[in-house]
Each structure stands twice: as structure tokens, then as C-alpha cells.
Amino acid sequence: MGKIEWAMWANEQSLAAGLIYATGGIVGVAGQFRGWQFAAFGIAAGVFVCLLEYPRSKRGKGTSVERTGQYCFTVCVNAFGPLTRNYYVRAFLHAALCVPGGFMLATVLGCVCLGIASLIYLSAAIHGEHWEPILPRTEPPKRVGDSIKEPPQNPPPRPPPELRRKKADKLETAAYDNPMSVTVNE
Amino acid sequence: MSVALKSWRANEGPKHLITMVWIAANVFLFWKTFMVYFSEAQYYYLHKMLGLGLCISRASASVLNFNCSLVLLPMCRSLLTFLRGSQRVTGRRVRRLLDKSKTFHVACGVTICIFSVVHVSAHLVNMVSFSVRYSEDFPGLNVAQYRGQDPRILIISTVPGVTGVLLVLVLFLMFTASSYCIRVSSYEIFWYTHNLFIVFYVILMVHVAGGALKYQSNVETHPPGCLHNNLSSWTNHKAAGEKGAESSGAPQTVCQEEAHFQPHFPQYILLNCPSVSSFENHPFTLTTCPTGKNQTFGIHLRVLGDWTSRFSQLLLQQSNSSEILPMMQQRRYPTVHVDGPFGSPSEEVFNYEVSLCVAGGIGVTPFACVLQALFDDWRQYKLKRLYFVWVCRDLQSFYWFADLLCGLHERLWRDNRPDYLNVQLYLSNTQGLQSISEERYRFLSSRLRIGRPKWKLIFQEIGRANQLKRVGVFCCGPKGISKALHTLCNSNPHTETAFEYNKESFS
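As given, the protein sequences belong to chains V and E, one line each in that order. If you read the first sequence in the UniProt record's numbering, its first letter stands for residue 1, the second for the next number, and so on. If you read the second sequence in the UniProt record's numbering, its first letter stands for residue 1, the second for the next number, and so on.
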């Protein structure tokens, strides 16, 4: 019901999955399990996935909340252009990265979690979402109105312009200048 | 910045105390279980086979047991409402602790995730140890079928292994969908994944079956270290499974229904409209509570997301029809299921002598119920003075309850208590010249200020006027306001007045 942004959930999942993958890899390498080379690959793949997924995408509508310090990651990820912008590429990349994890005990969980994240990314891509960088807006600063620099022409009291209109026949005796032209019979 | 001790003790003391007790319980459980598996005689041979992995995995399992049983309790709405409502069982301090139930739930959840990581890592090491250190001396102790069996087969072929993997997957789905961003952007993902907790608990019950870790049952006749080969049966180790489980548009008043409950004020209900969505329940604060004279209740809802916009379309489509039905007005309102009422922190407004209620925008709804109750009969409550501060972005928002505020003011003026209610309205959008121009709302227009409120000055004024009293501060609004108020409550310069901070939140 309503438009769900799958990519946001997939992003959280893949970040967590990357961490799980890397942790499993560390356990595997530290314990020198059989097949520890896969664990070493798991560490590298996990760290790479974390770095890729750290910058959040801009939301379709609504305010986007950045992760702390994500600006430099945004710039790096944005530099790859359509490779990182397209979620199909990400889905297949995660699917490919997770396969070697299945061959080793410690990284099995990381493999499954990354696989689930890859499926959600596929769903996001099918729904037509894509990654947008959150860049700081460079708006021109608000311009103060020019009239504020000119001193007022009339002595006090100074009513607002609409009350300053005087009847045309009393123009000679009027004490104020008329900013708006007046005609008889208005 | 000085810290007012009396206020700090009232606001932060009980919370920190409970946190310390909870952490101490976790540490004690971890340490005790660790020592049992490290040094007890019945686990001697198992410990020799598995090493430290056994102790860490069992210790983290006991912490997980404890937290899994606690994590559901803060979310039992009816239980919390019962505890809040019973005056004899709990005092005000305990009731204020109940406001922090969601924070406690999150703390237990995070602990479950962290210790799951520890538990899984330790069991991975155990799997490898079972495989590598296959014991021919004590065949009953083994989980592997032969030396060097692939540990992944051990995971798939044992009940704890398979259920463990499933548990981690469910926990992964639940955890990743519960971050603040996802809750704010698409609440349905969070809601539906979090309801997988039922699956989680069912699998958790099954997880301990199968008895992979065994203890020695005849320690007296065969003390550890003795090399006698006459071993009796190894008993399966059964660990005790603990049972544990809003944008634009003015709000519209909805459904004045016949009520069958006697609530305290204010409270919230859950609405479910099957024609909009069969699974979603949305909380709304009651703005009109039923009283002895008027047995109806009402809510104000702000149209912000897809559920509320669809709901409001269903309700308003009657008024768009241009046909004139002379005989019978056929109004087909949608069916609405109501669950509740559930208690909220703002119930305590009446139990202080002086209360300060701060509302931000639509957050005024809990206090609307308070004002309505005061309008009906202000004499029966302990409350002697109410400060009401309402901050809004648009001028139009003040019209939602303008009649109620003016009516209450007139009633108090007639009853010769003009100092009872002290209203300040703030318009935070400073563009343009805005004022409430209607004659009958003169009470409000003279109290309308443009700009954001200066909380320090307000606190100073309240402190000076109510010395030696305990002031209850109630906030329902955006995070910025509640943080500012919380800091001020703890550090106000008037040390004779104690400010007790209570916050109500919707998400």
C-alpha cells in the first residue's frame, strides 16, 4: 500500500550483510579454518560492499537523512556514473560477490544475507528506482530587498502605501508624496 | 551549566538505576554461565574438546535467553495501560518509568543482535572443534560422525544448526528494517518485518531441541580425569527455554461513536479500517474523551501519508455528491475497528499541582483531551495551574481548538479562577503579518506571539511563580523542542522548583 522505497531497505541490508560477511571472514582467517582463502576474500568483499553502500541515496520524495561523514563516499561512488547509479548492476554485483562465501563455513551467513540484499535490490531496480547522490545545495544567498538600502522619503508618521493615497483634488495640500498615481473619482 | 539536583534525580535517576540493574543482571548471567562451563566437573570432557568456544557460546546464550524474554514485555500495551491505571499498585515514579518502555525495548533488541554475533561466532568455532577434535574415547560426546567431517554438514544436519541459521536470517530482516530512516520513509516494511517475531520465537523454542551439548551424568562414580572406560549414559543437555514477545491539510474530527469504556484522560486508540488496509493499525490520540454526560469519543487526524489520505477520502466523499436526497440521507461511512484505549504519559497532567504542557503542531491532541476534561469539571483534579504553550507553523492550525481554548477560558473566568489557565501561542513562521482577527477569539489573538518561544524565560517565569513546588513538564512535539525542554528541566536555575520531564511520542 503506497509507494515503498525498496532501495532504502536494500541499502540497510547490504550494509549489515557486508559487516556480517567481513566478521565471518575475520573469524575464518583467525581460526585458520579449512578454506581460509575464501574467508580472506570474504573480508575484502565485505569491506568493499560496506564502502559502496555507505552513502545513502536521495529519496524520491521527502527529506533524505545522510549518514555521518558520507560526503566523501558520495563523491567517490558518484564518480562511477551509471555503474553505481543503476540498481540492476548492484544486484548482480552482490549476487556475484556472495557466491564464494558459500564455500566456507564462517562466511555462509554473510553469503545468505548478501544474497537477500541482492534480491531486494533486484526488486528495487524492477520498480524503476536508481541511486541519486545527496549533494549539498549551492543556492544563492537570500537577497535582501533593494528598498532597504534607501532611506525613507517621507517624514514620520509613515502609514503603509495603500493609505498614503490622497484624493487628486487635494494634491496641493497633501503632505505626502504619492508613490502611486491617483486619478479623480476612484 | 549547573545541574539542579532535585530535578535531575526526578528525571534521570530511576532511568539510570534500571539501566544499571539490567546491565548488572546481564553481566552476572554471562559470568556465572561462563564459570559453570569452564570449571564444573560435569562439563570437563566437553570443555577439553571444545575449549573456550563452549564457554563463550553458552554464556552468550544465557544472556540471549534473558533478553529475549524481556524484549517483548515493554511492548505489551494492555499490560502497560493496566499498570498506569492502577493507583494502588504503582506510584508516579514507576508510572513515569513506563514512558521509557520503547527505549528499553530497543536496548534489549540491540543487545540481542550483539550477543547473537558473539554466539554464532563461538558456535562456528565449536563446529570446527567438533570436526577436528573428534573423540574416539568418548563417542557419545560427538556431534560429528567422523573425524574431519565438513562443519557445514554439521550445520545442515543438526536441528540447532538449521534453526540457528533461520533465526539469524529472521533477526537480520528485523534489524535492518528497524532503523530510523526506514521507519520514517516506509513504515510498512518495518511493521511487517517486525511481526516476524512470532516466527522468531517459534524457531527459538525448537532451537534447543536435539541436545547437541551433553553433560556427564555420573560425575560421582567417574570423576573427571579418571581414565576408566566404563561410561554410563550421556544425558542430553536441555537448556530451559524461556518464554518471552503523519503533512498538509487540516485535521478532521472523525466518528462520534457510542463509547463503552471509562478512560482516564488522555489516551490513545488504534484504528483499523478494513476498506483501506486490513493489516494496518494506526494510533490516534483521543481529543474528546467520553464523560458522564456525553458518551462519545472523537479524534483529530492529520492527513500526511497514504493511509490517512485514503481514509479521509472515504469519509469525505459523501459531501461531494451533488444529489439531494429528500427522504433519507444515505451515508455509508466505512467500518472502523477500534482497539484500546491505551494509556499515555500525558495522563499525569492532572496529578501535579502545576503542569506545563508544550505542544508542537498536531502534538496538541493529547492536551486537547486535557482541556476538554478541565472544561467539564476542573475542580475535581489535583491540578491547580496549567501553563499551555502551543507552537505552530501556520496560523490556520490554531483554529482547530480555538473554540475549546476560548470556552475553557470563559468558564474559568466565570468560576473566578482566571489564573488557572495560562495560554501562550507561538507562530514559528515569521513571514508576513498574521493575526487572528475574529472577535470571538480575542482571548487567543492577544496571546499570539510571532517567533519561536524562549524556553529559558518561560521556565524562569514558572519557577518564580511556583516556588517549592513540583512542576510536571509535558511535551508532545518535534525532537528539537523536546531536547531543549529536557535539558532545561535538568539544569534550571531555580533549585527550589523541581521540573519533572515527561515526553509523549507518536512514532
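The set of hints was computed from the structure by calculation and includes no laboratory data. Please note that a few of the clues may not be correct.
[Said to hold, decoys possible] Cut-off 27 Å, straight-line C-alpha distance, at most; resulting in silico cross-link-like pairs (DSS-like, lysine-lysine):
#, chain 1, residue 1, chain 2, residue 2
1, E, Lys479, V, Lys61
2, E, Lys293, E, Lys15
3, E, Lys483, E, Lys503
4, E, Lys384, E, Lys102
5, E, Lys454, E, Lys32
6, V, Lys58, E, Lys479
Would you list, in rising numerical order, the hints stated earlier that this structure does not obey?
-> 2, 4, 5
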